[in-house]
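S.K.: Letter by letter, the chains look like this.
There are 2 protein chains.
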Amino acid sequence: MFAEAEADPILSKDEFKALEARLRVALLNAQYERLRQADKTLLIVVAGIDGAGKGATINLLNEWMDPRHIRTLAYGPREGDELERPPLWRYWRDLPPKGSTGIVFGSWYTPLVIEAARKKPNADAIEAHSAAIMRFETMLAAEGVQIIKLWFHLSAKAQKTRAQRLLANPDTAWQVSPVDMKVNKRFDRIRAGAQVVLNHTDCGHAPWVVIPSADENMRAARTAEAVLGALRRRGVPRLPPAFVAHSSTTRIVDRLGKLDYDAKVDKEDYETELGLLQGRLARAARSDKFRNRSLILVFEGQDAAGKGGAIRRVTHALDIRQVDITPISAPTTEELARPYLWRFWRCIPSHGRIGIFDRSWYGRVLVERVEKLIPPARWRRAYAEINDFEEQLAASGALVLKFWLAVTPDEQLKRFHEREKSPFKNFKITPDDWRNRDKWKEYAAAANEMMTRTDVAHAPWHLVSANDKRYARLQVLRHIVDAMEIQL
Amino acid sequence: MFAEAEADPILSKDEFKALEARLRVALLNAQYERLRQADKTLLIVVAGIDGAGKGATINLLNEWMDPRHIRTLAYGPREGDELERPPLWRYWRDLPPKGSTGIVFGSWYTPLVIEAARKKPNADAIEAHSAAIMRFETMLAAEGVQIIKLWFHLSAKAQKTRAQRLLANPDTAWQVSPVDMKVNKRFDRIRAGAQVVLNHTDCGHAPWVVIPSADENMRAARTAEAVLGALRRRGVPRLPPAFVAHSSTTRIVDRLGKLDYDAKVDKEDYETELGLLQGRLARAARSDKFRNRSLILVFEGQDAAGKGGAIRRVTHALDIRQVDITPISAPTTEELARPYLWRFWRCIPSHGRIGIFDRSWYGRVLVERVEKLIPPARWRRAYAEINDFEEQLAASGALVLKFWLAVTPDEQLKRFHEREKSPFKNFKITPDDWRNRDKWKEYAAAANEMMTRTDVAHAPWHLVSANDKRYARLQVLRHIVDAMEIQL
Numbered sequence: 000m001f002a003e004a005e006a007d008p009i010l011s012k013d014e015f016k017a018l019e020a021r022l023r024v025a026l027l028n029a030q031y032e033r034l035r036q037a038d039k040t041l042l043i044v045v046a047g048i049d050g051a052g053k054g055a056t057i058n059l060l061n062e063w064m065d066p067r068h069i070r071t072l073a074y075g076p077r078e079g080d081e082l083e084r085p086p087l088w089r090y091w092r093d094l095p096p097k098g099s100t101g102i103v104f105g106s107w108y109t110p111l112v113i114e115a116a117r118k119k120p121n122a123d124a125i126e127a128h129s130a131a132i133m134r135f136e137t138m139l140a141a142e143g144v145q146i147i148k149l150w151f152h153l154s155a156k157a158q159k160t161r162a163q164r165l166l167a168n169p170d171t172a173w174q175v176s177p178v179d180m181k182v183n184k185r186f187d188r189i190r191a192g193a194q195v196v197l198n199h200t201d202c203g204h205a206p207w208v209v210i211p212s213a214d215e216n217m218r219a220a221r222t223a224e225a226v227l228g229a230l231r232r233r234g235v236p237r238l239p240p241a242f243v244a245h246s247s248t249t250r251i252v253d254r255l256g257k258l259d260y261d262a263k264v265d266k267e268d269y270e271t272e273l274g275l276l277q278g279r280l281a282r283a284a285r286s287d288k289f290r291n292r293s294l295i296l297v298f299e300g301q302d303a304a305g306k307g308g309a310i311r312r313v314t315h316a317l318d319i320r321q322v323d324i325t326p327i328s329a330p331t332t333e334e335l336a337r338p339y340l341w342r343f344w345r346c347i348p349s350h351g352r353i354g355i356f357d358r359s360w361y362g363r364v365l366v367e368r369v370e371k372l373i374p375p376a377r378w379r380r381a382y383a384e385i386n387d388f389e390e391q392l393a394a395s396g397a398l399v400l401k402f403w404l405a406v407t408p409d410e411q412l413k414r415f416h417e418r419e420k421s422p423f424k425n426f427k428i429t430p431d432d433w434r435n436r437d438k439w440k441e442y443a444a445a446a447n448e449m450m451t452r453t454d455v456a457h458a459p460w461h462l463v464s465a466n467d468k469r470y471a472r473l474q475v476l477r478h479i480v481d482a483m484e485i486q487l
Numbered sequence: 000m001f002a003e004a005e006a007d008p009i010l011s012k013d014e015f016k017a018l019e020a021r022l023r024v025a026l027l028n029a030q031y032e033r034l035r036q037a038d039k040t041l042l043i044v045v046a047g048i049d050g051a052g053k054g055a056t057i058n059l060l061n062e063w064m065d066p067r068h069i070r071t072l073a074y075g076p077r078e079g080d081e082l083e084r085p086p087l088w089r090y091w092r093d094l095p096p097k098g099s100t101g102i103v104f105g106s107w108y109t110p111l112v113i114e115a116a117r118k119k120p121n122a123d124a125i126e127a128h129s130a131a132i133m134r135f136e137t138m139l140a141a142e143g144v145q146i147i148k149l150w151f152h153l154s155a156k157a158q159k160t161r162a163q164r165l166l167a168n169p170d171t172a173w174q175v176s177p178v179d180m181k182v183n184k185r186f187d188r189i190r191a192g193a194q195v196v197l198n199h200t201d202c203g204h205a206p207w208v209v210i211p212s213a214d215e216n217m218r219a220a221r222t223a224e225a226v227l228g229a230l231r232r233r234g235v236p237r238l239p240p241a242f243v244a245h246s247s248t249t250r251i252v253d254r255l256g257k258l259d260y261d262a263k264v265d266k267e268d269y270e271t272e273l274g275l276l277q278g279r280l281a282r283a284a285r286s287d288k289f290r291n292r293s294l295i296l297v298f299e300g301q302d303a304a305g306k307g308g309a310i311r312r313v314t315h316a317l318d319i320r321q322v323d324i325t326p327i328s329a330p331t332t333e334e335l336a337r338p339y340l341w342r343f344w345r346c347i348p349s350h351g352r353i354g355i356f357d358r359s360w361y362g363r364v365l366v367e368r369v370e371k372l373i374p375p376a377r378w379r380r381a382y383a384e385i386n387d388f389e390e391q392l393a394a395s396g397a398l399v400l401k402f403w404l405a406v407t408p409d410e411q412l413k414r415f416h417e418r419e420k421s422p423f424k425n426f427k428i429t430p431d432d433w434r435n436r437d438k439w440k441e442y443a444a445a446a447n448e449m450m451t452r453t454d455v456a457h458a459p460w461h462l463v464s465a466n467d468k469r470y471a472r473l474q475v476l477r478h479i480v481d482a483m484e485i486q487l
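Note that the protein sequences, when read in sequence, are chains A and B. Position 63 (the first sequence) corresponds to 62 in numbering that gives the first Met the number 0; numbering is contiguous. Position 261 (the second sequence) corresponds to 260 in numbering that gives the first Met the number 0; numbering is contiguous.
Some clues are possibly wrong.
Straight-line Cα separation of at most 27 Å, BS3-like style, residue types lysine-lysine; simulated pairs [to be verified]:
1) Lys420/A - Lys266/A
2) Lys97/B - Lys12/A
3) Lys427/A - Lys97/B
4) Lys266/B - Lys420/B
5) Lys156/B - Lys97/A
6) Lys427/A - Lys438/A
7) Lys159/A - Lys118/A
8) Lys16/B - Lys468/A
9) Lys16/A - Lys468/B
10) Lys266/A - Lys12/B
11) Lys440/A - Lys263/A
Source of the hints: derived by calculation from the structure; they are not laboratory data.
Between the sequences and the hints, there should be enough to build the whole structure, so can you do that?
M.R.: Structure (structure tokens):
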């Protein structure tokens, strides 16, 4: 795998000059063509032996291409806010829009390479980490983010020589870091680790390219060729089958059909119980333990099922300064230029905070499915993508609770008519609401399938009978309080 | 001013009940009406005596209104990234979109109130700080952000009683902070300071409202009434004359007309000089002193004047990991929902970093003026707003340099034709470019006025003759290097 790179091949000045002129024109051309299409983002992951000239090469790439449409994203160790979110959060946050190019230093491969290059690497950890990366990259690829991964490589001898040459000149000495000087001693281990990583994570839709880096002409030319190849690749990548394939034979449970819609609470019991639950919620949210956790509440349900009212009863018990409520409606242009989960990644609460979503990422398998906004393959894949997303949230310390507030068609109709009559609610009822009502069965089928496929222990669905608003509000509070008291 | 509040008026339970029902309906109604219009943001600034029940009241407001469209923005002391930007940066960053409401705790008044409540307040500092706040609020008001400021007040005795009562109950003790306990001792000084602040910063478009806070019913009702009044206020506020009025008699200098467009450099001199300047730039950007500064470069100029090429020559000398290039085109929907400077505030570099703007906030007084996208009053006001913005940038440690690359009409025409013929540049020429060319004189007049009104010592304009690309690139580099070497 590294044989060619470790032979330290060189490219003569003349050969390079000829190549350079051609590559520059081609790169610019390909970059502008992608800008015009604006249907894909290109992420260039930069990795490799320290001191192989990664930084210098990327500078050159910025010079050859139009740097106004390239974002260089450089990451060090996770710090501050980042520690309170899943490790991939920073990469989601900074994801460039379609049409543009991102160059990633300190990517999601850094911890994996470090682990693989240890004296006694943990094979299980490497396996699990590689699988998580593959899920991430597969999802990005499926959602229009193309990935190419460059591994800059050279022989141990050439690495040493290069560092010494750069150090000798005050104009280039800054390019050499203390880490570069240590590489030589551990060269064999790093190479062995790299081999494991590349083997585990090379795939058609996010390939690794080894760049021979001893000679700067060769390094520049091969980098440019790799990027050019990626820029020119058109069409949808051939993806592996959904990364956590859900069995198509799973029986979809008709949870909505089996629900007891007559559940009720009378007013007096309601007032008493509400106060008690809100008191418990207030204490849980202000407990010391919650400072290292976060709470994510997802509210879904039919139109007029009472999501807003339930949310208000929850926030009443909270210090509103620790709450972010995100109402989800049609995506903005910025959001449309990224994978569908991007807008939600942006809103993940930090520790000690509560994020409430009034509708959510489940729109993917509800409205987008029923209204046929996306082809079936995309929403079928989404169950696994969403499970993966929520698993990362839970692993980072979030309690994730999901509520479906369920009403019967008759009750909804009654509420629609009430809204039409109410002087301050009639604007809440739109032609869309009536149209959605016509597709009651399709929405119910989608909701049932969603609850079957995404009801997981670390992010459970609570199906709540909401024909009686009081009952629904108490149920929601009870589930939240129970989960917090048990898990904190 | 505080006489009524310090009388600690109360509202009986019955009076409150009747009022509450009416206020809740009216608040929701007014909130939804604004959401529908989506033409203004409402910011509610929350300030006042510590321990007056601000937090509890805002929670109530969230419960009475639809909390999904209210963002509660709570700030403590500036920290981390915030210290590397102007003090107002955090408020710009989090500004909610039009149609929604933001409630601000720890607002831009906090440092001013602290200063004013000191034993020996610095009158000049208070004067200057108040003026800066007025400029900020006036600008927001002019751009569709309505502001109402609530000062929660009560007598010293009532403040003490309230804290003791809350502390006595474990369910409410969390509401009392150590600061609340200290207020009583310094009550007179805080009141005197508040009086100064309110006097200096009360104005028709961003009024202060004193909320009597000893009694929770009174406090809730008066807060709700104040917010309701603000929500219902329609139309454009009556603004004071532009806050830093520029003299209409200032003679606009025809800098573009007087420029020597024949300036040239031959190829050999260019290569030598380019290398030298890039070396100096490389050293300056990597110097220790630059770690506490940032660099903001603005590029403007006629179409095809060579902005992209000049930017590339600059970035060549930089570690691309420390650079953010922001190309400015038509605003997105998220950007249109905020004042025009918002999108630029979001892109201010942190210390040690370089932000390059390919076109910029000057679009306000160029394209938006010439294409009549906004009424004249708005772009006339923009000169002062922009000067204020850049002054804040400079004060926070940024070097701000602005370049106008100037070509003659003939040279532009030649380049347009070249672009049309070039296989990889022809997409760069659009019908817009030809239309802009027809308005050459209007653009030149706008550019001349812009350079006259916004050429300030802390953010100078450099007008660069760009008929010869080599000459222009060297000039740009020279100005940057000179500024960095002198100021670092």
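S.K.: Could you work out which earlier hints the structure fails to respect and list their numbers in ascending sequence?
M.R.: 2, 5
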